[in-house]
Structures are given as structure tokens and as C-alpha cells.
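Going down the list, the protein sequences come from chains W and L.
Note that the working numbering gives residue 361 to position 236 of the first sequence, counting from 1, and the numbers run on in steps of one.
Note that the working numbering gives residue 354 to position 229 of the second sequence, counting from 1, and the numbers run on in steps of one.
Hints in this document: simulated from the structure, not taken from any laboratory.
Using N, Cα and C, we set each Cβ at its ideal position, and we do this for glycine too.
Label-pair distances were calculated between CB atoms; the ranges are: (1) W/Ser138 x L/Glu288: 24 to 32 Å; (2) L/Leu203 x W/Ala147: 15 to 23 Å; (3) L/Gly148 x W/Val430: 55 to 63 Å; (4) W/Gly384 x L/Pro204: 36 to 44 Å; (5) W/Arg212 x L/Ala141: 17 to 25 Å; (6) L/Leu256 x W/Ile322: 19 to 27 Å; (7) W/Ala440 x L/Val180: 27 to 35 Å; (8) W/Trp237 x L/Gly205: 37 to 45 Å; (9) L/Ala291 x W/Arg212: 47 to 55 Å.
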Amino acid sequence: MTPRQFETRYEPSWVELERGLAALDGGRRARRTPAGPGSPPGAARVAQLYRQCCEHLALARERAYPPHLVDRLEALTARAHQRIYRRRDFGLGALRDLALYDAPAAVRALGWHLGVVALVFLLPIVLMGAATWVDPHFVLTVVDAQQVRQFDGMYGPEAGEHLGRTSGDDWQMFGFYIMHNVGISFQCFAAGLMLGIGSLVMVGYNGLLFGAIAGFLVTRGDSERFFSFVVTHSAFELTAIVLSGAAGLKLGHAVLAPGRLTRTQALMGAARETSPVVACFFAMLVIAAALEAFWSSAGWVAPGVKYAVGGTCWALVLAYLGLQGRGHVQGDGAR
Amino acid sequence: MTLDTTLLAETPEGIAIVLRPAGAVARSLAYAIDFVARFVAWSIAAAFLGGFKGVGVGIMLVVLFALEWLYPIVFELLPGAATPGKRALGLQVMMDTGLPVTPSAAVTRNLLRVADFMPVAYAFGLLAMLLRQDFKRLGDIVAGTLVVHADKVRLAGALPQAEPLAPRVPLTRPQQVAILHLAGRARRLTADRVDELATLAEDALPPADFAPGGANPAPIRPGPRLLAVAQWLMGRR
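Isolated chain L (complex conformation) (with noise of 0.2 Å):
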């Protein structure tokens, strides 16, 4: 069993797309937010409507009741697939498969929320949620949707730029991954942690005091060797 909580869903052209679900504090969160701008905008209404009789009354049970059930569907159906909650949270909703979100879809896991509301307080759903892998509530299981971070984590970005060396010996496949993979993320660390990491490494590096072409060089730190053999097995030759 992984520590991960991505999921993979795969595409008819045998592409695996990595979807990393939302758990409960995320969703609860959202919800929140929700709670609050729902009961803000009947507020709004209410102040309004509140002056008319019986058409004010009519109008603002329907916008209690629209609020109540068709805020999500609609707001998930909408670009963006989030109530303006999960927005704020960078949540989407999106279907197990990787695909938006379908209409039918929206109005099952929104309808049963009155499922997963039971018997108070989300309780249903917040222990279908933390049982699951996939924090799915129920409505989610029986609509075949899922709640996802949006955005993409990103450990690693674009290698330090660096004069390439060979390395020492040759490199297995997984040194490799793995020199590139710390040299990806060499931004995010310093250069004494870099060096520190890059020391594991020292076996496959060049020797501190390799260099192309001077005489009596000082010695080349781990960190700077280990980017450089990064830029080599970049292809940079």
C-alpha cells in the first residue's frame, strides 16, 4: 500500500493521468465557504425581497430552495467544475475517470448529499471519506466523480544551468532518475543541502579537482560536480 494519494486514470490511449484527490479538510473547507457565501446571498435576497408580500415571500422560498439544491449543480456544471468554495480551495470536480464532469452526474452527487448528510452532520460522508482512498463521499461513489487538487505539485523544475561533465563510471537507469530528479529540484534547496545530498552521489561524480583544461584547478564542490553531470546526461556533451 503506497503513502500517495494520487490515483491514476487512464485514457484511452493507454496514458495514465495522475489525479490527486481532495481529502476532508480540503472538502470541509469548501463547504464552509460555501455555507457562508450561500447564506450571504439569501441574505442579499431576503433584505430585498422581504418588502414585497406574498410574491416576495414566494420568490425567496424559491431562492432558499435554489440555493439549497441548485447552487452546486450549477456552479459545477459551469467552466471551472467548483462552487465557489472548492474555487477558492483549488478543488474541481471532475469524473473518476479524469473526464468533466456530466450533468447527470452533478445532479446525483449533489442529490445525495441528503445520504451523506445522515444521521447529522455529514457523518455518513465525512466516514466514507476517510475509509476510502479516494475521499470519495457517497454521492461521489454513486455518481462516479471525484474532488481533485486542481493544480499539479511541481517538486522539481528546470535544471541549474552548468558547464556538463561526464560522470566517473557509467550510470544505471535509476542513478540517473535519480541525479536528475535532485538536480531538478536544486532551486528549492540550498547550495549546502545540495552538497550534502550531491555527496551520496560522490562515487558516480568526477573528481573534486577534475577540470577540462587548467593546471592546479581549486576543487569543484559535490553540488555544482552533480548539476554538471545532471547538464551531461541532459545531453550536453
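The shape of chain W in the complex, shown without the other chains (with noise of 0.2 Å):
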């Protein structure tokens, strides 16, 4: 068959389907005109002509038909494959699924990882605390001392009605808090990618700072309005970061000992199964910053409701990672 007699044979299925391309791509009005319940009618003629038109491909390449016969028959594939092999399981469904199911099962999924982070993190709060606890000065040592007076300022008897901050309102410290917190959380995760490292060190760093103005503020006699600030968004925020830390760890891990993959292989499969895990924790920053700023700040709260609040807030949030969604089985989870 010479090309020309391939191309006046065929041309009219091409033509077809590039009618039908074009009406796909016509957008959802196009194509919710047609009444018919489930997929339009075309898509089935559409995938059809598809594979005829492969196969015409193939066959122009093989008899190595004049170029502009076979360009043409690679964009109008090219074009049909993007358009029939496109993902759709995106949308409000797919968003519960991941909020109820693949977000706290893709957390479990973590397993020691996140044991070793939240053992980094814990550790040096508890020993910074201690050591803050028994000599003061000690808090020198990680934030210098124009920073102690701020802290000193925020949590101090002269704190007054907002606490936790020097100045600005409710609303203004949501934005910072959304911008400082979720960025710190971002950079844990991506600095997991050298070898996990990075993770761990800012995972450990953020321990130390918590650790020593906690311990800090507890010999200044500052406790109770300290810890009624923190208790209730620390639920998400402490925990948002040792997820972030523990998913950067994973992707390290992956890198470091790539099993029996490839190490891209197994970098691609890591990010695949940790991605739930940035949206959990994206989610509880979110929540960390709106009631770091409108509700753990106001000052005329009494201490014990926000014990209670935030006590529940912390079994909330563990009861949710660690029970939500076990059970349910799923064809193709992020597990």
C-alpha cells in the first residue's frame, strides 16, 4: 500500500477522531448534553478509533511512511492517549476516602519511622526541659537572650489578654502561623530526602527550642499559662510535625536502602505511599494555626476548661491516626 492510498483510506477515521477529541475537550458543557445516563456516547467510539489509530501508527513507522504523515498520526495518538488514560478518581469522594481511610492508615503505614522521629523529637524535650529546670541558664544555650525576654513577655504575669505573643491580633497571627509552621513542616519532609538526615536534625532542633523555653518558663513560675496555651494546639501541631518528620524520614530511608528496587524506584514508591501523610499533616497545621490563634491565645479562658479541651483534642487527634479506618479494605490503598 503506498502512503497515499493508506492516507486517503484512513484519513476519515482520523478525522473522526479528532471530531471527537475536540468534543471531549469541549468541556463539561459539551459534554452533559447528551441526556444518556453514565459515560456520553462517542467515549466508546472515541477508545475505538484510538487503537485503530495505534495501530496505523505502527504500521506508518514500520513502512516508514514521508514525515508529515507520521507526525501527524503521533500528535492525534499522543492527544488521545492524555485524554483516555487521564486519571479521574480526584474530586470530593476521593477527599473523604483520603480523610477517612488511606490519610491514618498511610500514617500507620509509617511504623518505626515514626517511632524513631517522635523519639527524636520527645528526647530532647524531656532532657533540655530537665536541664532548663535545674539551671535557668541553660536556655542560653539554644535561643540567646533577646529571645528569653520575649518569651518572658509572652507567657509572663504581665502577659494580659492574649497570650503567647507581643503584640497583634487574632487574625494576624493565623496568617503567621500558617505561613511559619506549615513551611517548617514542608522543610522537615523535604529534608528528609538527604538520606533522611535533614529530617531528623530539624525534627531534633525543634525538640531542643520546645524542650528549653518549656522548662524555661516552668522555673519562672509561668506553667500554668504556658502549658493552657500550648495544650490544645500542640495536639495537632507537635504531632503534624513528627508526621512530617517521620514521611521525610521514610523517602531518607528509601534512598539509604533501597531494598530491591532501584533507589528511584523506591524514592517514587516512598513518596507514593507518604503523600497521604503531607495532606494529614498540611490538615493539622491548618487547625494547629486557627486555634493557636483564636482559641489557645484568649486569656479569659480559664486554665482548666483548656486542659479539658485540649486533653480531648490529644485523644482526638491519637485515637484518629492510630484507630480510624482499621479494618477497611481497599483495592489499590496507599499501604
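Bring the two chains, given one by one in their own frames, into a single complex with the hints.
Okay, structure coming up:
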């Protein structure tokens, strides 16, 4: 068959496929007009034409037909391929699945990475807290004197109506917490690519900082103001930091010990498995920022109430991560 | 090792789709344009919101966060799969299978910009791009994505019209391919250059004084004779 015969014989089917694709690309309105249930008419035909077109492309390449013919078929198949294999499984349903099943399951699947990062976070808190409790000057090893004075102003007796800040109102602080805290967590996660060391260093450093300040404020006698401030939002914020670090560590571990995969494959697999965790800690940090800005700082709420609410939040967060979605079986979940 | 930077992505139908990964220069330019666009957006937001005290500052900071982290993710998930900077340079983000980018891949590749940024000024990202044949930065490697030139380079167009002439001798497959490719590119070349190149195929072309029915014809130059043979190969007899 000569190229000309080939072209004249099959061109109608290419044109039809082009028209079908244009209709599919036409947007939701074009697709909604045929009122038939399920897939719109033409979709099955498009798939059939696409397979035919693939065949034609293979033939044209094999028979070394002129380049403009091959180019046209290549462009057409590439476009149809994009359209036909497009993943449509995201939207509200996928978001619901993510919140109810995938995210907690992915967090539990982190396994020992979670334990290691929690330890790297909690140990400095305990050690540094104890050290500053024994000798308050220890706080100066991680923060400078000016910052210490600032913290003193935030939680000291003169803190006033708004705890945990030197100035600014609730909305301003909400914006600050979003930008600052979420940024830190994203960095904790991404730093994991450096063989996991980056995540561990960042999580450990944040632990040191938190421990030093907590220990210092306790020795100053501000423990009630401080702990009633942090108890509620820390349920989300500290958990999120540990989650981001653990997800990062998992990435680093995949690079370091890829097992029977290539390093790239192992890394891609780890990224796929941890992406629900990223969504999870992002949501938790937004909740934490809102709580920290509007609830934790409210000086008029009695500490007892805050402890009760904070305790409930801790229980809910841990129960969600530990129990939610257990026993739910999914075909191709992120496990 | 080939000099070509094209990649082949195989579809389930067994067809190889040709992808053209975008290199460090195009992507850096796209980044610069995006940077300016984000700066302008931020300046406008700041000018509007600066007047309101607390709430305004709060929203400003949220806007700053969104421009830093969500801007590329949102644009890459919209149709076109490119930030304004990438769009301006004709780039597009896709999975390295040639499929549209998935939400989780878009999130992963953009969060891992932090790793690409280390230690300064995207040094790791640039290094990864320069070392790899597919120009992926670290985020792209992990997410399995690829930044490609959306438009295809077309060197050859439709063949110019000519009266078909049979070649002097039967042609092998590679010879046919060479003649068809040159004929396809004839429109982009000067007539003299086509003649020059066609002289290389003189042995296969019909003789210069060949004319279907006329007596005592003027000699035909090699270029038009090659185009005539190309038409013959296309199937016009």
C-alpha cells in the first residue's frame, strides 16, 4: 500500500477521532448535553478509534511513510492517549476517602519511622526541659537573651488578655502561624531527601527549642499560663511535626536502603506512600494555626477548661491516627 | 549514546510517544517569570490589604503562603498543566508516562522544591537537571513527573506538488526514507540548496533530459527531479 492510498483510506477515521477528542475537550457543558446516563455516547467509539489510530501509527512508522504523515498520527495518538488514560478519581469522593481511610492508614504504615522521629523529638524536649529546670541559664544555649525576654513577655504575669504573643491580633497571628509553621513542616519533610538526616536534625532542633522554653518558663513560675496556651493546638502541631519528619525519614530511608528496587523506584514508591501523610499534616497544621490564633491565646478562658479541651483534642488526634479506618479493605489503597 | 534529548514513553497499545524534556535554561527562565508574577500578585495584595490592620496583615500572610506553596500546585493541576511562566515558554508538566500530572505528584514535586533549593539557589536541582538526560530535578525524580516542551518540532511538512517521475533504479528502504524526508523539508530550504542536496541522489534520480513525451527537452535540475520521485514514492504514478 502506498502512502497516498493509506492516507485516503484511513483519513476519515482520523478526522472522526479528532472531532471526538475536540468534543471531549469541549468542557463539561458539551459533555453534559447528551442526557444519557453513565458515559456520554462517543466515548466508546473514541477509544476504538484511538486503538485503530495506534495501529496506523505503528504501520506508518514500520513502513517509513513520509514524516508529515507520521507526525500527524503521533500528535493524534498522543492527544488521545492523554485524554483516554486521564485519571478521573479525584474530587470530593477521593478527598473523603483520603480523610477517612487513606491518611490514617498511611500514617500507621510509617511504622518505625514514626517511632524514631517521635523519640528524636521527645527526647530533646525531656532532656532540655530537665536541664533548664535545674539551671535556667541552660536556655541560653539554644536561644539568645533577647528571645528569652520576648518569651517572658508572652507568658509572664504581664501577658494580659492575649497569651503567647507580643502584639498583633488574632487574624494577623493566624496568617503568621500558617506561613511559618506549615513552611517548617514542609521543610522537615523535604529535608528527608538528604538521606533522612535533614528531617532528624530539624525535628530534633525543634524539640530542643520547645524543651528549653518550656523548662525555662516552668522555673519562672509561668507554667500554668504556658501549658494552658499550648495544650490544645499542640495536639495538632506537635503531631504534625512528628508526621512530617517521619514521612521525610521514610523518603531518606528509601534512598539509603532501597531493598530490591532501584533507588529511584524506591524513592518514588516512598513518595506515593507518604503523600496522604503530607495532606494529613498540612490539614492538622491549618487546624493548629486556627486554634493557636483564636482559642489558645484567649486569656479569659479558665486554664481548667483549656486543659479539658486540650486533653480531648489529644485523645481525638491519637484515636484518629491510631484507629480510624482500621479494618477497611481497599483495592489499591496507599498501603 | 544519542545526542537527542527526546524520551520515549510507551503506551499500553505498544505505541511509543515522543516527549521532549525541557532543559535547565528554559526552566530557569520560566521560574524567573513565575517569580515576577508572584511578586506582582503579592504587591497588589499588599497594596489592597495593607490598609486593614490585623485582618489585612493576617490575610496578607496567608496570601504569601499560598503564592509560595500553592501557586505552582494549583496551576499545574489546571488544564494546560503549567504555571504562567512555563506557559509563556511553551512548557508543560506531565507524568513521565506521558499522562497528565496527578494531584499527589503535583504536590510532591512542588513540596520537594525545598530539597532542590539546598544548599543555595536551587543548586541541587540544577545539578540533578544537568546530570540527567531527562532534565529532572529532585522533585521530578521522586514524583515521577517531567517538564516537557508542549509543542512538537516539525522539520518536515507536506510534500510540494510535482509531476511524478519513476526513479532510475529500484530504491531500497533507507533511500526512499532519505528522499521523502528531504522532499518534506524542501519548503524550508532554498531551491539551490535542494538542488545541491539532491545531487547526492543523482544515481537514483531519472536523467536530467528525461521527459515523458516531449522531444528535445531542456534539462531538469536535480531538485525538481527529486520532488517528482518523492511524489512517485508517495504512490502517484
